[in-house]
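A.B. asks: Here is what each chain is made of, one letter per residue.
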Amino acid sequence: MPRFTPENLTVAREIVGRYPRPKSALIPLLHLAQEQDGHVTDEAMAHIAELVGVTSAEVLGTASFYEMFKFEPVGRYMVNICTNISCQLLGGEELLHHAEQRLGIVPGQTTSDGVFTIEDVECIAACTEAPCLQVNYRYFHKITHDEFDQLVDDLRGGRRDDIPPHGTLARVRQHIPVERRAGNVTPEDTAIPVWMSATEEREA
Amino acid sequence: MAITDAPKIITGRFSDPESHTLARYVATGGYAALRKALTMSPAEVHEEVKTASLLGRGGAGFPAGVKWGLTPADVWPRYLVVNGDESEPGTYKDRLLMERDPHQLIEGVLLACYAVGCSQAFLYVRGEMALAQERIAAALNEAYTAGYVGRNILGSDFSLDVVLTWGAGAYIVGEETALIESLEGNRGMPRLKPPFFPAAKGLYMQPTIVNNVETLSNLPWIVTNGGQAFADLGAENSRGTRVFAVSGHVRNPGVFEVEFGVTTFRDLIYAPVYAGGIQGDHQLKAFIPGGASAPWFYEEHLDLPLEKGTVDRAGSMLGSGAIVVMDETTDAVKACLRVVRFFARESCGKCTPCREGTTWLENILQRIHDGYGRTSDLDLLMDVCDNISPGIAWPPKQTTICPLGPSAVSPIASALQRFRPEFEAAIARAEEARMSVPVDFPKAAAHA
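Each protein sequence line maps, in turn, to chains A and B.
Under the numbering used here, the first residue of the first sequence carries the number 1, and numbering increases by one thereafter.
Under the numbering used here, the first residue of the second sequence carries the number 1, and numbering increases by one thereafter.
Keep in mind that a hint or two might mislead.
Said to hold, decoys possible - Here are some chain B residues pointing at chain A (derived, C-beta under 10 Å):
| hint | residue |
| --- | --- |
| 1 | V125 |
| 2 | V162 |
| 3 | Y171 |
| 4 | L183 |
| 5 | M189 |
| 6 | A245 |
| 7 | A275 |
| 8 | V325 |
Claimed, not checked - Derived DEER-like restraints, expressed as beta-carbon distance ranges:
| hint | chain 1 | residue 1 | chain 2 | residue 2 | range |
| --- | --- | --- | --- | --- | --- |
| 9 | A | R159 | B | G69 | 48 to 58 Å |
| 10 | A | H175 | B | P72 | 26 to 36 Å |
| 11 | B | G309 | A | E72 | 48 to 58 Å |
| 12 | A | N184 | B | T39 | 27 to 37 Å |
| 13 | A | T190 | B | A60 | 28 to 38 Å |
| 14 | B | Q228 | A | E72 | 49 to 59 Å |
| 15 | B | G349 | A | R138 | 25 to 35 Å |
| 16 | A | T55 | B | E300 | 56 to 66 Å |
| 17 | A | G183 | B | A60 | 31 to 41 Å |
| 18 | A | R13 | B | M382 | 47 to 57 Å |
These aren't lab readings, by the way, just hints derived from the structure by calculation.
None of these values were measured; they are calculated from a predicted model.
Here a beta-carbon is modelled for each residue, glycine too, at the ideal position from N, C-alpha and C.
Let's have the full structure, built from the sequences with the hints guiding it.
C.D. replies: As structure tokens, then:
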């Protein structure tokens, strides 16, 4: 049952607690669900809806707007090849065509062994290193066709431990220690912050 | 003064491989500005930023000190939202600032919140930037443990929680009201402003300051050295330094911090210490001066200094600090199509002129590029452009809520103005081909 596991549920509750309004945790929780299952399942969305107090339809409404959320299983490695202007000028489109031929799929498809999915993406913010691509959101810069082939072989052969499976974004999570936590400020907390009121008193 | 003498205000630690750690940051003077600020009143810190005349580095270039002052006086709580959702093609300075110097950004956040009276800050990082998220999370953990963030910071009565949050892949979320929507757990669609200027009604309809990563990264230096020292650098209308990313057909593409007004486009593109000139034996054809939405510049603009006022008057913008250089082998139709396709794909769909218009622009350019163009296509392109951005003037007017739609118009208008013969030649080839093959334009090709 792909609801959150007990460990992830603890994490999810902590994430919800960081925001003045629970619904703000929606996108982080969708990432957490994707990290757990590789894609966002209907059950996970229902669970998220329960946790943040909205309907499943609202969760889907938000999730479907964002490109990074996948609602069907994708490959273990999501290969995002940039074909935007800087990469295009330096061979990004040719790199994409090469990848299509090498893997035998077109953007949006997954290889039959379930290892790779390729996507033709917009700028991934590495323009001076063009042409570039991301594998599970980790950068590979100035990629030649040979380097791409090598990368594919290494990933297939399990020789790239530095690239975690799809869904795992940041491996370090923010941790707010209880004793240091200043606490949420909800819109209803209309008190003036202490350090601002001290100033006003000083000035008055 | 040589062009390379400008101080490295925010990229000074970039060459240090350990620059993202708290130990290295503190050893190189980090968090001194926070200690200094805590001895000053919030109003004094705000005054320093106003004196510095720091312009927002996100693209629009609104003065940060003025923006902070727009919050209504007695409305609490106020929030700070850090815009780290950088996605404009050509741009990636913010990613480097987050990956290589996260503590500098966190210190900037603390200074801004102290001055404005924000009790909670949200650091919104673009979804695809895994390393930036990892580094910022680690830096925040260190800062919490060391007492720089959280309750009673450094023993003072200043308390602030900084929450790392992130998006999931949508360019439009870089627009401040769309970012706020996303942070509230909604689809990232822009809000109409007025009335929802975030400084008055932003996150949860409370006063909210939305600042770009680069803007906030400048604050520690400003507080340490004083606003006047910052204002003494740069040009009349653009104080301080700016980080530019030069990419495309240049020998040494890279990210460079230069002083405003002193350096010219020619320096940045041709000087060996910067991008080092055009690749191979090629010539400059055109360059995009400030992100994909900026009108293109050419040979005759090379000697313009990098300064907001001058570039604005010349009919373009420095925007997000992204310079994309194209040599003479570049196909203007193809380059134009690629930029427009970006805006068509990334339109959030809220406003009809943008949703429909950008898609039409893409389809028309695609058929010209594929060799199925019609003689009437160029007029049609301009007509569609005019419906998104009436008058096709600069700065653009818009029929949409946010500037994404008009952003697609600028590259078309500038490419057509300068390289019209290339478009016409592509269409003429298509017309000739149609003479010999009596078939109409195949639909599939338009959407390929």
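A.B. asks: Could you run down the list of hints and mark each one as holding or not?
C.D. replies: Results for each hint:
no. : hint                        : result
1   : V125                        : holds, 9 Å
2   : V162                        : holds, 9 Å
3   : Y171                        : holds, 7 Å
4   : L183                        : holds, 6 Å
5   : M189                        : holds, 8 Å
6   : A245                        : holds, 6 Å
7   : A275                        : holds, 9 Å
8   : V325                        : holds, 8 Å
9   : A:R159 - B:G69: 48 to 58 Å  : holds, 56 Å
10  : A:H175 - B:P72: 26 to 36 Å  : holds, 35 Å
11  : B:G309 - A:E72: 48 to 58 Å  : holds, 51 Å
12  : A:N184 - B:T39: 27 to 37 Å  : holds, 28 Å
13  : A:T190 - B:A60: 28 to 38 Å  : holds, 30 Å
14  : B:Q228 - A:E72: 49 to 59 Å  : holds, 58 Å
15  : B:G349 - A:R138: 25 to 35 Å : holds, 30 Å
16  : A:T55 - B:E300: 56 to 66 Å  : holds, 58 Å
17  : A:G183 - B:A60: 31 to 41 Å  : holds, 33 Å
18  : A:R13 - B:M382: 47 to 57 Å  : holds, 55 Å
Hint compliance for this structure: no hint is broken.
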